[in-house]
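**Student:** Go by the hints and put chain B with the ligands onto chain A.
Chains A and B, in that order, give the protein sequences.
Residues in the first sequence are numbered from 1 upward in steps of one, following full-length UniProt numbering.
Residues in the second sequence are numbered from 1 upward in steps of one, following full-length UniProt numbering.
Calculated from the structure, these hints are not laboratory results.
Watch out, some of these pointers could steer you wrong.
To be verified - No more than 20 Å apart at the CA atoms, straight line, and that leaves these computed lysine to any residue pairs for SDA-like: (1) A/Lys-99 to A/Gly-155; (2) A/Lys-99 to B/Val-208; (3) A/Lys-99 to B/Gln-192; (4) A/Lys-99 to B/Ser-197; (5) A/Lys-99 to B/Pro-198; (6) A/Lys-99 to A/Ser-158; (7) A/Lys-99 to B/Ser-330; (8) A/Lys-99 to A/Phe-150; (9) A/Lys-99 to A/His-23; (10) A/Lys-99 to B/Tyr-209; (11) A/Lys-99 to A/Arg-117; (12) A/Lys-99 to A/Gln-161; (13) A/Lys-99 to B/Asn-207; (14) A/Lys-99 to A/Glu-156; (15) A/Lys-99 to A/Asp-36; (16) A/Lys-99 to A/Pro-175; (17) A/Lys-99 to A/Glu-149; (18) A/Lys-99 to A/Ser-54; (19) A/Lys-99 to A/Gly-151; (20) A/Lys-99 to A/Glu-63; (21) A/Lys-99 to B/Glu-199; (22) A/Lys-99 to A/Glu-153; (23) A/Lys-99 to A/Gly-145; (24) A/Lys-99 to A/Leu-187.
What follows is the residue order along each chain.
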Amino acid sequence: MAARRRDPAHAGRILSTRALTRHFGGVHAVSDVDLDVGTGERVSVIGPNGAGKSTLFNLVAGEFRPSGGRVEMFGADMTRASIQQRAHRGLARTFQTSKLFTSMTVADNLYLALCGRPGSVRRLRDARRDHERIGRARGLAERAGLGAEFGVEVGELSHGQQRQLELAMALAAQPALLMLDEPAAGLSPSERGQLTTVLRELSAGVTLLLIEHDMDIALVIGERVVVMSDGAKVLEGSPSEIRSSELVRRIYLGGTLDVR
Amino acid sequence: MTWARANVRILVAILIVIALVAFPFVVPRPQFWVVSVGIRSLWLGIVALSLIWLSRYTGMLSLGQMTFWAVAGYGVAIMSTQNGVPYSISIPVAIALATVVGALVGLIAVRTQGVYFLMLTLATSQLAFYLVLNAASVTRGYVGIGNIDRPEFLGLSMSDRNVFYFVALALAAAVSALAWYATRTPFGLALQGIRDSPERMRALGYNVYLHRVAAFTFASFIAAVSGALALFYHGRITPGAIDLIRSIDVLIVSVLGGIHSLAGAFIGALGLTTLQNFAQEGYIQVRRITLTGVVFVAVLLFFRGGIVDLPNQLREYRRSASRQWARFRSRKHDGRTDRPSGADVSDSAGGADGRDRQQLPR
Ligand SMILES: Nc1ncnc2c1ncn2[C@@H]1O[C@H](COP(=O)(O)OP(=O)(O)OP(=O)(O)O)[C@@H](O)[C@H]1O
Ligand SMILES: [Mg+2]
Numbered sequence: 001m002a003a004r005r006r007d008p009a010h011a012g013r014i015l016s017t018r019a020l021t022r023h024f025g026g027v028h029a030v031s032d033v034d035l036d037v038g039t040g041e042r043v044s045v046i047g048p049n050g051a052g053k054s055t056l057f058n059l060v061a062g063e064f065r066p067s068g069g070r071v072e073m074f075g076a077d078m079t080r081a082s083i084q085q086r087a088h089r090g091l092a093r094t095f096q097t098s099k100l101f102t103s104m105t106v107a108d109n110l111y112l113a114l115c116g117r118p119g120s121v122r123r124l125r126d127a128r129r130d131h132e133r134i135g136r137a138r139g140l141a142e143r144a145g146l147g148a149e150f151g152v153e154v155g156e157l158s159h160g161q162q163r164q165l166e167l168a169m170a171l172a173a174q175p176a177l178l179m180l181d182e183p184a185a186g187l188s189p190s191e192r193g194q195l196t197t198v199l200r201e202l203s204a205g206v207t208l209l210l211i212e213h214d215m216d217i218a219l220v221i222g223e224r225v226v227v228m229s230d231g232a233k234v235l236e237g238s239p240s241e242i243r244s245s246e247l248v249r250r251i252y253l254g255g256t257l258d259v260r
Numbered sequence: 001m002t003w004a005r006a007n008v009r010i011l012v013a014i015l016i017v018i019a020l021v022a023f024p025f026v027v028p029r030p031q032f033w034v035v036s037v038g039i040r041s042l043w044l045g046i047v048a049l050s051l052i053w054l055s056r057y058t059g060m061l062s063l064g065q066m067t068f069w070a071v072a073g074y075g076v077a078i079m080s081t082q083n084g085v086p087y088s089i090s091i092p093v094a095i096a097l098a099t100v101v102g103a104l105v106g107l108i109a110v111r112t113q114g115v116y117f118l119m120l121t122l123a124t125s126q127l128a129f130y131l132v133l134n135a136a137s138v139t140r141g142y143v144g145i146g147n148i149d150r151p152e153f154l155g156l157s158m159s160d161r162n163v164f165y166f167v168a169l170a171l172a173a174a175v176s177a178l179a180w181y182a183t184r185t186p187f188g189l190a191l192q193g194i195r196d197s198p199e200r201m202r203a204l205g206y207n208v209y210l211h212r213v214a215a216f217t218f219a220s221f222i223a224a225v226s227g228a229l230a231l232f233y234h235g236r237i238t239p240g241a242i243d244l245i246r247s248i249d250v251l252i253v254s255v256l257g258g259i260h261s262l263a264g265a266f267i268g269a270l271g272l273t274t275l276q277n278f279a280q281e282g283y284i285q286v287r288r289i290t291l292t293g294v295v296f297v298a299v300l301l302f303f304r305g306g307i308v309d310l311p312n313q314l315r316e317y318r319r320s321a322s323r324q325w326a327r328f329r330s331r332k333h334d335g336r337t338d339r340p341s342g343a344d345v346s347d348s349a350g351g352a353d354g355r356d357r358q359q360l361p362r
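Bound-form chain A, shown alone (with noise of 0.2 Å):
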């Protein structure tokens, strides 16, 4: 794990947030969030119920604009930029409730996720016949463990193969930056194994940024990670840091605590 470890300055920073904020009425979700991530990074965003880790993500994806603060992705100002070109730029996520396209088979949901990126996809010819990406969509659906469910409609999957169906798709772009929201939900404790060996295994190019609640996944994938708390990033650091701090114990006891 140590090995694999970059120093955020030195790989060249995929994402910045600076001042990021976003308020929902009075809600603070996500207040004054400095974050930076490195290429290839894989970080873990950990932190309570309603801490604002899932707005944190939907700001960087352009699902929300924010209050206030600027988000730089790929070397560009992409604070006002649509969510279709920061997925075209190279952004994938997944969804911490699943959005899926529930009454259609495994194989369309990946071969719809294959053809996101604007490209040599013919967009008016029979899509059956585009065996280059149908064969794509298989290897994908095998990978995740869905090789038996390819021609299977969504809708009929267990949640776990949800899941799975989720991160598939996201990998599907090859995505030079992924965000993961709470992929380890519901699974059973198999299937999260079966997780943490696809997030490890995942090419060495690929930035993560990671939301986890399973502190064993978030922990172990993580090579650093970010705490954030009542909307605010409390703490940054080393897992090993994260495990013997004081701060973070008492934020997960449920205090309430003044950091600032």
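**Tutor:** Frame of chain A, contents of chain B with the ligands only:
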């Protein structure tokens, strides 16, 4: 699909083709069956196809399809009857114009959803109605434009009812094939993805808005084809052809035939025209609208998948009836209160097939 089932399907398809081709030669009273029922069902089916296609694959239920039908119909009528433009130009131009109008309406309409989309598209068709009524200098207002000559080509005249029937049949087959093919392309799959989860589609990099506009435009093209065809069917066009009742008729046809299946468009159209024709001829002594309304409500209550889904639904009803019967008997025999068995529970969920068809598009 097993070998046997595939063969049955092919056989059924061949029988349907034979029936459709033989139809004008075997029916009695051809003016009634070929023209009033056959041809009318075909053009009405094409408009309903545009509604069903849009609803089934994008989740957008439009009540505005008669708008584009009207633009195409009036377009041909105004260009050819009043300005002497040959049909070879006026027909494609009018259909193109209606498609462009569809794109413009789509640019606004697809920004809304659900009941707002429904209201907006309905308002569009009402707007078209009042526009043609008031622009009397070109549309001749209430009177409409009449004396439309039927086109001739390759020495055949569409004044011949059999020629007209086969032209209508060929057009219906062509637009159905096109609509079906579109659903198999990456574009069509993307529409279904957007129907299921627009957020996910955006996150994958798709332009959801443009896809919806394109789908709406394509559907208005289909409706426009029907508009041009129906103009020659009636031999005239009046505002009455696009009033509120006609827009509702298109919805009734779709629901009656089966709003989850493209074939439902033509089956529903056949059902409605037959019903209305018999009501008109006095076989059934009810007012036409009342009769249609009753049938519509009956379909909504008991056969939500429409006529296309009738075999499935009947099987479902029979299964649940025999289940009730078995439960009743077992209660009588051993006098115990019965709990649903495992088989019972999975049975009541219905086949994957049946459940899918009963789902309303979101
Ligand atoms: N769309 C929204 N509208 C209003 N308030 C919101 C919205 N999204 C999030 N919030 C609020 O912002 C705060 C942060 O929510 P967020 O979902 O980001 O937390 P989280 O850290 O992801 O929590 P969890 O671990 O439960 O997923 C919460 O108080 C939440 O109620
Ligand atoms: Mg969350």
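**Student:** For each hint, tell me whether it holds in the structure or not.
**Tutor:** Do the hints match the structure? See the list:
| no. | hint | result |
| --- | --- | --- |
| 1 | A/Lys-99 to A/Gly-155 | holds (11 Å) |
| 2 | A/Lys-99 to B/Val-208 | holds (15 Å) |
| 3 | A/Lys-99 to B/Gln-192 | holds (13 Å) |
| 4 | A/Lys-99 to B/Ser-197 | holds (6 Å) |
| 5 | A/Lys-99 to B/Pro-198 | holds (9 Å) |
| 6 | A/Lys-99 to A/Ser-158 | holds (14 Å) |
| 7 | A/Lys-99 to B/Ser-330 | violated (44 Å) |
| 8 | A/Lys-99 to A/Phe-150 | holds (18 Å) |
| 9 | A/Lys-99 to A/His-23 | violated (24 Å) |
| 10 | A/Lys-99 to B/Tyr-209 | holds (18 Å) |
| 11 | A/Lys-99 to A/Arg-117 | holds (19 Å) |
| 12 | A/Lys-99 to A/Gln-161 | holds (13 Å) |
| 13 | A/Lys-99 to B/Asn-207 | holds (17 Å) |
| 14 | A/Lys-99 to A/Glu-156 | holds (14 Å) |
| 15 | A/Lys-99 to A/Asp-36 | violated (28 Å) |
| 16 | A/Lys-99 to A/Pro-175 | holds (18 Å) |
| 17 | A/Lys-99 to A/Glu-149 | holds (18 Å) |
| 18 | A/Lys-99 to A/Ser-54 | holds (14 Å) |
| 19 | A/Lys-99 to A/Gly-151 | holds (19 Å) |
| 20 | A/Lys-99 to A/Glu-63 | holds (14 Å) |
| 21 | A/Lys-99 to B/Glu-199 | holds (8 Å) |
| 22 | A/Lys-99 to A/Glu-153 | holds (14 Å) |
| 23 | A/Lys-99 to A/Gly-145 | holds (19 Å) |
| 24 | A/Lys-99 to A/Leu-187 | holds (16 Å) |
Checked against the numbered hints above, the structure violates hints 7, 9, 15; every other hint is satisfied.
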